[in-house]
Amino acid sequence: MSKIDTILLAHGGGGRLTHELVAEAFLPAFSNPALAALSDSAILAELPPGRPALTTDAFVVDPLEFPGGDLGVLSVCGTVNDLAVAGARPLWLTFAVILEEGLDGALLHRLVAGAARAAAEAGVAIVAGDTKVVPRGKGDRAFIVTAGLGVVPPGRELGDRRIVAGDVLLVSGPIAEHGATIVACRHDLAGPGLRSDCAPLASLVEALLASGADVHAMHDPTRGGVATTCNEVASRSGLRIVIDETAVPVSPQVASVCEVLGLDPLYIASEGRLLAWVAADHAGRALDALRAHPLGAGAAVIGRVETRAAGRAPVALATAFGVERPLDLLVGGEVPRIC
Amino acid sequence: MITRRELFDPAAVAGLIAEIRARAAGLKRRVTLMEVCGTHTNAIAAAGLRRLLPDTVRLISGPGCPVCVTPVGYVDRAEALAARPETTVCTFGDLLRVPSSSGSLERARAGGADIRVVYSPRDAVGIARANPGRTVIFLGVGFETTVPTVAAALAEAEAGGVSNFLVLAGHKVMPEPLSALAGDPDVQVDGFICPGHVSVITGWKAFAFLPEKFGIPAAVAGFTPTDVLRGVLDLVGQHVDGKAEVHNVYSRVVTADGNPVARATVDRFFAKADAVWRGLGLIPGSGLDLRPGFSHRDAAAIPVEVGEPEEPAGCMCGDVLKGAIDPPDCPLFGTTCSPATPVGACMVSSEGACAAWHRHERLMGAGR
Numbered sequence: 001m002s003k004i005d006t007i008l009l010a011h012g013g014g015g016r017l018t019h020e021l022v023a024e025a026f027l028p029a030f031s032n033p034a035l036a037a038l039s040d041s042a043i044l045a046e047l048p049p050g051r052p053a054l055t056t057d058a059f060v061v062d063p064l065e066f067p068g069g070d071l072g073v074l075s076v077c078g079t080v081n082d083l084a085v086a087g088a089r090p091l092w093l094t095f096a097v098i099l100e101e102g103l104d105g106a107l108l109h110r111l112v113a114g115a116a117r118a119a120a121e122a123g124v125a126i127v128a129g130d131t132k133v134v135p136r137g138k139g140d141r142a143f144i145v146t147a148g149l150g151v152v153p154p155g156r157e158l159g160d161r162r163i164v165a166g167d168v169l170l171v172s173g174p175i176a177e178h179g180a181t182i183v184a185c186r187h188d189l190a191g192p193g194l195r196s197d198c199a200p201l202a203s204l205v206e207a208l209l210a211s212g213a214d215v216h217a218m219h220d221p222t223r224g225g226v227a228t229t230c231n232e233v234a235s236r237s238g239l240r241i242v243i244d245e246t247a248v249p250v251s252p253q254v255a256s257v258c259e260v261l262g263l264d265p266l267y268i269a270s271e272g273r274l275l276a277w278v279a280a281d282h283a284g285r286a287l288d289a290l291r292a293h294p295l296g297a298g299a300a301v302i303g304r305v306e307t308r309a310a311g312r313a314p315v316a317l318a319t320a321f322g323v324e325r326p327l328d329l330l331v332g333g334e335v336p337r338i339c
Numbered sequence: 340m341i342t343r344r345e346l347f348d349p350a351a352v353a354g355l356i357a358e359i360r361a362r363a364a365g366l367k368r369r370v371t372l373m374e375v376c377g378t379h380t381n382a383i384a385a386a387g388l389r390r391l392l393p394d395t396v397r398l399i400s401g402p403g404c405p406v407c408v409t410p411v412g413y414v415d416r417a418e419a420l421a422a423r424p425e426t427t428v429c430t431f432g433d434l435l436r437v438p439s440s441s442g443s444l445e446r447a448r449a450g451g452a453d454i455r456v457v458y459s460p461r462d463a464v465g466i467a468r469a470n471p472g473r474t475v476i477f478l479g480v481g482f483e484t485t486v487p488t489v490a491a492a493l494a495e496a497e498a499g500g501v502s503n504f505l506v507l508a509g510h511k512v513m514p515e516p517l518s519a520l521a522g523d524p525d526v527q528v529d530g531f532i533c534p535g536h537v538s539v540i541t542g543w544k545a546f547a548f549l550p551e552k553f554g555i556p557a558a559v560a561g562f563t564p565t566d567v568l569r570g571v572l573d574l575v576g577q578h579v580d581g582k583a584e585v586h587n588v589y590s591r592v593v594t595a596d597g598n599p600v601a602r603a604t605v606d607r608f609f610a611k612a613d614a615v616w617r618g619l620g621l622i623p624g625s626g627l628d629l630r631p632g633f634s635h636r637d638a639a640a641i642p643v644e645v646g647e648p649e650e651p652a653g654c655m656c657g658d659v660l661k662g663a664i665d666p667p668d669c670p671l672f673g674t675t676c677s678p679a680t681p682v683g684a685c686m687v688s689s690e691g692a693c694a695a696w697h698r699h700e701r702l703m704g705a706g707r
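Protein chains in written order, with the numbering used here: chain A, 1 to 339; chain B, 340 to 707.
Just so you know, these hints were derived from the structure itself, not from any lab.
Everything numeric in this text was worked out from a predicted model, so none of it was measured.
Quick reminder that beta carbons are idealized off the backbone N, C-alpha and C, glycines included.
All the pointers check out, no bait thrown in.
Sample of chain A residues lacking proximity to chain B, with all beta carbon distances greater than 10 Å (derived): (1) PHE26; (2) LEU47; (3) LEU107; (4) GLY159; (5) ARG195; (6) LEU209.
Ranges of calculated distance between the beta carbons of each label pair, as one might list FRET restraints: (7) B:ALA350 - A:GLY166: 29 to 37 Å; (8) A:ARG308 - B:ARG446: 34 to 42 Å; (9) B:SER590 - A:LEU189: 23 to 31 Å; (10) B:ASP462 - A:PRO52: 48 to 56 Å; (11) B:THR680 - A:ARG337: 23 to 31 Å; (12) A:ALA165 - B:GLY432: 32 to 40 Å; (13) B:ALA663 - A:ASP281: 48 to 56 Å.
Full structure from sequences and hints, please.
In structure tokens form, the structure reads like this:
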């Protein structure tokens, strides 16, 4: 049993307690030689062929634990997914925690175990880390910052500039489950069947690309949801995206939480869903590849890409009633601290 | 797993549209129908109903968004109260971004004021109970639907001896502004789609004065696209048949007499008072202030320094709220005034006519 029952300021002081924390909380969970060396920098193996991809993300989710995941799981999935959707195979992660004095030691162990589980699932090693402790009242229990290094294999070309008019837009499963779960927890609305979708997408992406489908670009619709991601893509590609309202998968639980709180699922985050822009004649092949993977069982074609027309919204929703309406960027952050 | 399809019923919508088109063929002129509820405003815009209706039926939004019609001076006072020591201001989220004369509650919060978003006035009572050393002020903005929840919070505070819970009353009621609009010779409204939520409290009879006094037909309607279209169909039918009555097409929820218990709770704490509506001006008897017996709950009685409120220049919200123009007819719309940088009343809240139009109906080409 761990000796760490409560995080003290001294756990971040660099002395004996810091060593104890690292040895007890982090090393066994993340177990790998590069981390175990505890050198100032992790010295890694040579990169496989391809172009390195590097990303970083900070995680401040509240609550720290929620159905389907926790801050630790999220901090790994978020960074792994940013690499994966760029076409990179994730290899190594760093893991920095900012803890508030007084944090429950058992909770920290659970968050670290969550991160370790997600890393194992994603096939990445957490090779470097840092721990800081701030005085009680100066932080909110735990924040985690991860960075990830991966490699885009030779010949793999993905990006919004590759998207062309006529492409179709696929989603790997029901949307908005992470964000809806988090807000439901905050408002005591969580019920059976509602759980975060947070999951590492690396293997799903590899399965999709291995199918031979002509994938032009991929994104994960996190903060701001599908509508926001599509706006960013429309802006970078100079094209127009039309989403078919009747095709977008939304679970009844997510739909009811959103209804009660006045939220639109199209603007709510997923943390384990993939958006893929695919050549139209490859849509079937891509859909089959996604659906054959456990994380893509609920995949669907939800939209299409058109050329931009003057005076028309860059992203539009084709409603169930046969008219279109614009899907703008969200103004203000209506759901803070979801990741 | 269901899709969004099952949250709506496109076949029913298509059927109602066809019925409205058939009935509207009998209209002798174009009719303008006004709804007066932010939820209607959004339901109509989000479903794109305007683009489905025949040209002879025009839908406009009246003063139905409580945040939009809240005057700048109210927000200024809330900001000043939040700046006092040991004070916590609780509000619904909508009000945070509304421009005050010098900033907004959102900016005041970033500057260190203790301003908290709650989903219910009773949450604010809980905050007051947990913080006996602080004055906790709930910003009471809303119509007949919202006021009973504020009254219930006041009742809870009274019963529980929570002496540090106060309300800054900015509530408003619906019949008076509708009466003002119906009686305004500059306003051409041929029918009112009356607010279903408000009617749950007031009962549909509260809108009988529209046909009786002004000869304008009214239909109390709910908030799904089919609910709204049933209201439109009813009003078009009344015009074709030469009738002017109040009809309840939301009978699964609304009764003739409403909810007397809720009204009695409101009546215990609040009394009608004159109120200023942003864009419309002073309307006698259109507000609800705390009764003198509850002055110890009245945050308006706390002395704070508030300057003369500065209304935005060039804004045509008054004309939008009266239905004289559609939002895009205002020169500020979509240029200096947008949801990100709202200038006028109708753009500040997500429920406002201009915000809904900007979000759902802009850049959709023909058939605006």
